[in-house]
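**Student:** Residues per chain are reported as follows:
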Amino acid sequence: MSYLDYVIAAYAVFVLVLGWDFVACRLQIGRELRNARRRAARQASHPASAGPAPRQDPDTQSPSELNR
Amino acid sequence: MIAVLPGLPGAARALMLRDLRLLWRRRGDAFQPALFALLVVVLFALALGGEADTLARVAGAVLWLAVLLAGLLALDTLFRGDAEDGSLEQWMLAPVPLGWLVAVRTFMHWATTALPLLLATPFLAELMHLPRGQLPVLMASLALGTPLLSLLGAVVAALTVGMRRSGILVALLALPLYVPVLVFGAGSVAASAQGLDPIGALLLLGAGLVVALVLAPLAAAAAIRIALN
Amino acid sequence: MNPIVRWFHKLGSPPYFDRFAARWAPWAYGLGLLVMLWGAYGALFVVPADYQQGDSFRILYIHVPSAWMSLFVFGLMAFYAAIALVWRIKLCEILAMACAPIGAGFTLITLATGSIWGKPMWGTWWDWDPRLTTELILLFLYLGVIGLYNAIDDRRAAARAAGLLAIVGVVLLPVIRYSVVWWNSLHQGQTIRLFGESSMDPSMVQPLIWMIVGTKLWFIGALLARARGDNLRRENGKAWVAALATGKETPAR
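Protein chains in written order, with our numbering: chain A, 1 to 68; chain B, 1001 to 1229; chain C, 2001 to 2253.
Be aware that one or more of the hints could be misleading.
Calculated pairs, SDA-like style, for lysine to any residue (alpha carbon to alpha carbon, straight line, at most 25 Å) [as the list claims (entries may be wrong)]:
1. C:Lys2090 / A:Gln28
2. C:Lys2216 / A:Arg37
3. C:Lys2119 / C:Arg2233
These stretches of chain A come out as covered by chain C in the derived footprint (C-beta under 8 Å, 3 or more residues) [stated by the list, open to error]:
4. 4-14
5. 27-34
Everything labelled a hint here was simulated from the structure, so no lab data went into it.
Ideal placement from N, C-alpha and C gives every residue a C-beta, glycine not left out.
Construct the entire structure; sequences and hints are all you get.
**Tutor:** Dropping the structure here:
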């Protein structure tokens, strides 16, 4: 019995899964940047409806759920 | 005039009375988990062929699964009613710890859904031709296992309490957590069938129950706060 | 203030983290890839075939590092989740949730390679042995965390809920493992599966070490990349993201 097929299959699975993870990640980053670009373009072409200034991020120090 | 705060026993009694009253108004609902377990047993018997020997060999496992799955479906009613009418938010504001209220509620839920199941089990065991000698072990493992399943299920139900379409997600989240309980529960019955002493598995279930009694309400309380904040 | 503490605080700022991740992820990816290639070369061509299992033994060099990673990432995910729940640090929420798909990938590889390795060894594609069964349950735990994170709309509440689930999972994982081992011994007797755990000749260990290091480096790269993506998604309405996307500033791409 040739073990070669099994070894190739195993290494192929490894490469495929990690490769898919890499590609999916790149696609997500690309998608998010594209969304941001479209949003910026929309706000640039409709200055009246630009809405409030980009929201600030208050990192509140409220008590955590585990400590209450 | 200073109002007296209820304290832990008072809050527990109030919650239990409320749950009993609500249960009384919908008494028929208490039988639904038991009916579901009966259906599961029927389906297994039909799928396996109905022969006494075949059924007897898998009876312990099938009965455990029937109880587990019935409990899983009943989990939906643990917090949903309180979440929908706003009681859950009142609990978060109560002077007693949220974990205590969760523990009391889980106990009442277990008493109203799992106890009927336990009472129905000897009857279901007869349907599955469970050997008589295994019945005490089965009942003991279920008595220890079902509260444990309710406590673990409470954590999962609390995590998904805000969601409208949780459905299969609750099962997907709960089943990996249920695995040790199922293994030791059904395994104790299998061990007694093989002539081994089931006491080890039962003690492990008991130990797990004690730990879960303390930790699960805390985790569920944290999950409720996350979901409703 | 201590420079390290200051650096941690800086990392918590989304634009700084984005630049940091964009800069270092490719390095981690690249280094990890190189180390893994070196390890795979050693595993495939340098190491002699096992006298018992023949060439299929080479699958160990993929299976074992992936199994260790699947467990390590789950623990790391719970660690980040604990920090996120106690101190409400947004970055730790993002890091915890980024761990989940990567860990699930490694778990999938472990299951698949275990199954592929098992076929010539045991004759079946699947065997309910304790290790594979625990890995399968681990996969369900990962999928549960991912599913819960995607099911809740508010990203922060979703990350905290899924993080709590990860913590519950990591506490229960040893219990699950012990219960499955007990179950296996109950139903199948004390059969010992020779899965290469027997003492390995030192010459055969080297590629394994390279693969372990390589997968860790790759994981760092993947974690940074996924965290960057989640970060961008959460901050999508903000000015710095718009500037980055339209190239007005000069971001470190």
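**Student:** So, for every hint listed, does it hold in this structure?
**Tutor:** Hints and how they fare:
| no. | hint | in the structure |
| --- | --- | --- |
| 1 | C:Lys2090 / A:Gln28 | 19 Å, holds |
| 2 | C:Lys2216 / A:Arg37 | 34 Å, violated |
| 3 | C:Lys2119 / C:Arg2233 | 42 Å, violated |
| 4 | 4-14 | holds (count 8) |
| 5 | 27-34 | holds (count 5) |
Of the numbered hints stated above, those contradicted by the structure are hints 2, 3, listed in ascending order.
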